[in-house]
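Protein chains in written order, with the numbering used here: chain A, 1 to 291; chain B, 292 to 608.
Each hint should be verified, as a subset may be incorrect.
Stated by the list, open to error - Some chain B residues judged to face chain A by a derived CB distance under 8 Å, without partners named:
hint	residue
1	I385
2	W391
3	V392
4	Y400
5	A415
6	A478
7	G520
8	F565
9	Y567
10	G569
11	I571
Bear in mind the hints are in silico, worked out from the structure with no lab data behind them.
All of these numbers come straight from a predicted model, not from anything done at the bench.
Even for Gly, the Cβ is constructed at its ideal location relative to N, Cα and C.
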Amino acid sequence: MQTALQLLVTTLQIGAVYILFSLGLTLVFGIMRVVNFVHGHFFAVSALMVGVLVPKVVATGLTIQSAYLIAAAAGILVSLFLALIVYKFGIARFLRDLEGGFILTMGLALVLDGVFLESFGGGVRSMPPIIEGNVTILGAVLTTQRLVLCVVAALLTGGLYWALSATKLGKALRAVAADHEAAMLQGIPYHGLALIGFLLAALMASLAGVLIAPVSIVTPTMGTDYLMKSFVAVVVGGMGSVPGAIVGALFIGVIEAVGGYFFDASTATIAMFVIVIFVLLFRPRGLIPHA
Amino acid sequence: MRSLHIRWWTVGAAFAIAATFLVKGPYAASLVNLVAISALIAASLRFGMLIGEVSFATSTFVGLGAYGAGIATTILHWPFLIAMVLGPLVVIGISVLFGWVTLRIKGPYFMLIGFAFVEVVRIALGKIAFIGGVAGMVGIFPPHFVDPWMPTIVMAVVTGLLFSLYVIEKSDFGKVLVAIRDNEDIARTVGLNVLSLKIACFAIASFCAGVAGSLHGFVNNVISPDDFGFMLTVFALAFVKVGGESSIFGAVAGAIILVLISSFALGLGAAEQFVYGGAIVLAMLFLPQGLAGLPWRKCLPARWAKRPANLVNTVAR
């Protein structure tokens with residue numbers, strides 16, 4: 001029972017970050033039909049900014065919490081700026097071109113890998129805890145910091161879900177994702193919305209990065225690792241589907257937590273990819289197909 | 292059947308093989324080997340693209356070729372020639388099976404399956420202890436009397452396979468493959484067994500990747516699972532995209548140019564990622580048909596400037 005609870009908590013913890021990450025990936029795919037390989041870099045750059053800036057701001061005498069908030073804001077801004085450049089000079093020319101977009105973003109990802117290694121160095125960073133202390137929930141122990149992470153991620157996911165289902169912008173985004181030509185006939189500006197959708201996705205990735213930075217080690221190549229697993233989440237859930245991405249991300253969380261506990265991390269990764277091969281073979285549109 | 296330009300191929304291959312006799316020193320030899328093997332991998336990836344599929348599994352098949360050479364040489368102590376063909380033969384079997392299961396789906400889904408497959412095999416290879424685990428295998432040496440001739444052997448094998456791929460592409464079988472890419476359903480209506488044809492194409496491409504892997508094992512002497520991650524295919528894709536996928540010469544030219552540029556840039560201290568990533572991005576943005584798509588023929592005398600029909604089709608796609 002103790003183990004089961006601990007695993008459940010770990011699943012939610014891992015799943016929360018993957019949800020934020022996968023939502024952006026699936027949104028971009030739904031609206032632009034682009035499999036975005038640079039998504040991990042929007043995530044990594046904000047985490048790296050936090051990792052680099054927090055010690056510097058703390059050195060000026062501010063508390064670690066306010067240092068974290070300043071660094072997080074800077075990280076998100078840098079990430080959004082990067083997304084704007086990537087969209088304007090790259091992806092905007094490859095909207096709805098699956099293969100072209102795939103290859104282009106792969107090349108961009110390579111270039112950005114190089115840029116990050118040059119500018120942040122290859123070293124591994126870890127941060128002092130932002131919030132001290134542990135909490136016990138039904139006998140399962142976790143750090144307060146991770147609990148806050150989970151709650152914030154859950155709130156953000158809920159907020160996004162609400163925004164997509166209830167606001168005018170969300171409806172327009174969903175309309176474009178369902179049938180962009182019909183949406184354009186109704187006067188929805190596709191290209192403007194594609195940019196907004198792309199920035200929204202980058203925002204979520206950078207929020208995930210900011211949230212993960214204090215509880216994980218930060219490296220310039222961390223994005224790729226998360227990207228691979230989020231691909232699995234998005235494919236299993238159904239590319240372009242918002243509920244699918246949530247389900248898929250929780251699924252990744254379960255495999256990583258349970259597989260990592262009973263076997264080891266690499267076995268869990270193998271299992272994930274084997275499952276994704278089967279999903280692609282038998283339900284290529286995923287468990288919850290996108291409209 | 293159109294002319295196979297056998298005269299030009301003979302001259303080119305003879306020139307390339309003769310050039311390896313002039314190679315002196317380990318650095319030049321390793322560069323020649325790297326160029327030749329990269330060209331073969333690029334041509335293999337491009338051959339799969341004849342049916343319109345980008346096969347990430349190429350990385351894995353190169354890896355299996357290399358591991359075949361490694362296991363046969365260092366564990367089983369089998370002779371060189373058998374070690375050379377062991378990996379590629381295993382690759383044919385696996386690729387037929389893999390193709391039979393996965394070639395029913397297309398485009399990005401096929402790419403993603405290949406992607407997942409590469410990751411699974413890479414991680415799994417790292418968990419098998421008797422082939423060295425994550426550290427990989429060392430000491431894959433060709434016999435002593437062969438060793439000084441390795442660049443020549445590599446070049447001969449590579450040009451031979453490139454010519455075979457070219458002949459297959461120009462044959463009726465190759466035209467059928469392109470027809471499948473252009474419209475699979477029409478190909479089916481004239482009674483072609485599309486799946487078997489796709490598997491055949493995939494197996495041929497994978498075999499070449501396997502041979503490239505065996506060669507890589509013998510010239511590199513050291514292999515590890517991480518050498519055969521999906522990045523290998525991304526690099527090959529860069530060769531094809533920069534050179535141009537409309538012709539096998541595009542893939543080969545892309546490999547030669549990018550490998551030379553990147554080894555030059557590495558010498559200057561730049562990272563590999565910038566060269567390959569930058570090449571892919573620039574080619575995608577500014578040279579959608581690659582170098583082969585540039586209007587070379589305008590520079591030629593008028594009597595050569597007729598564009599062959601099948602090239603027009605490919606460009607119009």
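Hints breached by this structure: 1, 2, 6, 7
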